[in-house]
Amino acid sequence: MQGSYAELERNMVETMQLNIQSFLVQCEDNSVNETHAHVENSVDEMRQKIYSLLAEFENSAIKENKEELTLKQAPLLSVINTCIRHHIELLRVYEALRKVKDRTELSLITGYKCQDKIQQSEIYMNENFSDEVFTIQGKSTHNVRMSSDSKTCWITAMLVLPDGQFLVADWGNHKVKLLNQQYQVVSHCGVSAQSICQITPSEVAVTVDDWINTHEVQFITFNQSQLVTGRHFKLQHSCYGIARHHGDLFICSGNALFKYSLSGELVCKLYEDASGLVTVYGFAMSHTGDKLYITSPSNHKLYTLARDGTLLAVFTDPELKYLQNVYVTPAGQVLVCGMLSHTILQVDSEGKRKLVTLVSVRDGVGRPCSVCYSSTTSAIIVGLLGDDNIMVFRVE
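In my numbering, each residue carries its 1-based index in the sequence shown increased by 35.
Source of the hints: derived by calculation from the structure; they are not laboratory data. In this text, all values refer to a predicted model and were calculated from it rather than measured experimentally. Glycine residues also receive a C-beta, built at the ideal position from the N, C-alpha and C atoms.
For lysine-lysine, the following DSS-like pairs were computed, each having C-alpha atoms within a straight-line distance of at most 25 Å: (1) 336 - 387; (2) 294 - 269; (3) 174 - 356; (4) 304 - 294; (5) 356 - 336; (6) 356 - 387; (7) 269 - 304; (8) 84 - 98; (9) 174 - 389; (10) 356 - 389; (11) 336 - 304; (12) 336 - 294; (13) 336 - 389.
With beta-carbon atoms standing in for the labels, derived distance ranges: (14) 413 - 303: 34 to 40 Å; (15) 182 - 345: 45 to 51 Å; (16) 178 - 397: 21 to 27 Å.
The whole structure should be built from the sequences, with the hints applied where relevant.
Next comes the structure, spelled out in structure tokens:
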């Protein structure tokens, strides 16, 4: 395309030069006594030829640019159409799930179909948008303190639910709080959660750890804005970051990453790092399950592992100190909290380089512990240590 455009441009210029040179020779050969009117006619004729050449050149260039633009837009249009298709299919499954919510067997089958469709959509987005950089467009703060809270909030984890509501783990007040889409507390349950992960469209699992004797995984169901605690299982080690992939739970102990079944059976130890006090803390996974992201607060590092625990990448940055939680958006973008650097960074999906420092102390962020992204509100939500407010950053 570029070759044909350059050749057309060169031919047009050469033709124009030949016409100008021909006109100059013609002028030199004319007799000195040639009338002024005749010269004017020749100039007008030449001017028209030049205008004609320029018009032809412009029309050809426009046509060429349109063809080039059409070719460049084709992949984008394909992505847009695929996203629309996934969106329609998700809406259909969601509506079906609502219709059979009171019929246990059908609800279970539809729930699995919904999970499968969500995973397909997330994989597609991860393959196409994982390194798309966020830009901050505005911010707001929202108070999540309840009248029954005895201490300042300590938001250690957040999760966006399928209906656009949020769960926040307020470890300081030993509560898991449910927020609506306007970031208002509408319900809670008394659980001292460190981290949260989605199990089914209506169930989550949280790690419960008091840093002394209590180490367990608690399951919580939610229905019509009510949170209900269900089964739980105890662990023989501390528990912080947690994530689910298919039928497995991945749990960070502070120095190791373990894989468990959903029933609480230990499958294996995937990774261990004894180089510091807290080296395996926050945890997140790519939606395909092929990359595991671990924060190491003591070493100020982000580790990226393969699904078998093999170390793939180590990331450090002067603007990232004492890492807390790491979060993967539905599109696969990786967000990391630096508590002592007062920053949220976006890192590439390979876990090798910084894409952008999204927010910092200049934006009013102090000691961020948790982060999540809502596609419903197009916002990054940040939970803080020792602050009753969460911060909401509108993004594009």
